[in-house]
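Asks: Sequence:
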Amino acid sequence: MTSRRTAAAVTAGTMLALSGLAVGPASAHGSMTDPVSRVSACYAEGPESPRSEACKAAVAASGTQAFYDWNAVNIANAAGKHRELIPDGKLCSAGNDKYRGLDLARADWPASAMKPGAHTFRYKGTAPHRGSFELYVTKDGYDPSKPLTWADLEERPFATVTDPRMESGDYVFEGTVPKKSGRHLIYSIWQRSDSPEAFYTCSDVVFGQDTGGTGPAPTASAPSDEQIEEGQDESSVEHGGHGDDDPATGAEESAAAPTAGGSATPAPAQEPTAVSTEASAQEPTEESSPNAPAPAAGSGSGEQLAETGGDSTTPYLAVGGAAVLAIGAAVLFGTTRRRRA
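The numbering of the sequence shown is my numbering, which starts it at 46 and goes up by one.
One or more hints might be untrue.
To be verified - Straight-line alpha carbon distances no greater than 30 Å define the calculated DSS-like cross-link-like pairs of lysine-lysine that follow:
id	residue 1	residue 2
1	Lys101	Lys160
2	Lys184	Lys224
3	Lys160	Lys224
4	Lys160	Lys184
5	Lys191	Lys126
6	Lys191	Lys101
7	Lys126	Lys184
8	Lys191	Lys224
9	Lys184	Lys101
10	Lys160	Lys191
11	Lys126	Lys224
Hint data in this document are derived by calculation from the structure and do not stem from the laboratory. Note that the structure is predicted; figures quoted are calculated from it, not measured.
Working from the sequences, and respecting the hints, build out all of it.
Replies: Right under this line is the structure:
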């Protein structure tokens with residue numbers, strides 16, 4: 046009886062370990078907070094009762110959940126194909142219908158004051174990962190009352206950075222803002238290097254006092270740490286995946302990154318499956334893991350980049366660890382049978 050109870054306990058422990066190991070944070074999340082992105086500004090105003098007319102209209106179009114999920118405007122399988130995947134008129138939502146309110150063409154979005162020259166940018170990383178940022182600004186003559194298109198942006202980014210430093214949960218990096226006047230928009234692309242996932246933001250800015258005849262621009266404010274913490278219970282964003290699947294953009298659970306020199310099309314993420322106690326399992330190696338992530342580029346500043354506890358390798362570690370425990374249980378069962386015989 047003692048052997049049977051011991052084997053049963055090991056089996057139960059194995060199943061618990063399997064379920065526990067199969068779950069781990071993998072996705073990155075965040076949004077621009079200097080200059081403040083549209084989604085961040087509306088979340089800071091409060092999804093239930095926004096103050097500005099633009100945020101009221103955005104909530105009416107998208108619903109409140111989109112703004113409680115302010116840090117997840119993404120495409121899971123972007124892999125650098127931003128212009129191919131995001132159609133004109135839907136840049137701020139990244140083509141994700143959940144965030145359609147962000148694409149409203151209007152000249153009264155809450156804005157941040159901006160000056161040409163050196164600027165320190167901040168991007169809140171609620172689940173940070175290695176990757177690169179590109180910032181674009183709209184061309185002279187930009188009309189905010191018309192849907193934003195790729196042609197509205199300057200051809201080249203005015204600021205690029207790989208693996209910037211982190212301060213108090215923010216990515217912080219420098220850039221030189223080109224000379225502009227009046228109302229403009231800064232578009233950011235954060236492309237992860239440990240996954241094909243990318244994140245996008247639209248930040249409305251005003252250079253000088255000229256707002257293009259639209260009157261004083263409402264001032265955009267970033268959400269405080271207290272607001273972010275208070276809204277977590279309402280958020281549907283999961284660090285192991287994304288709550289809302291979007292077949293048009295792949296804005297769903299993050300997939301593993303393609304291997305260096307391998308296919309650029311990542312394999313879709315899969316739910317972890319139970320491992321048979323009779324099957325022989327091995328820890329995956331570089332050769333046996335076709336979807337293992339490519340090495341991330343090192344930080345130019347020499348500072349260590351903050352990362353979440355899991356990444357796109359998490360499923361492999363979960364299955365490998367669970368398999369070891371399962372095999373141990375099988376061995377114990379065999380030992381018990383031999384003793385009773």
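Asks: Enumerate the violated hints, using their earlier numbering and listing them in ascending order.
Replies: none
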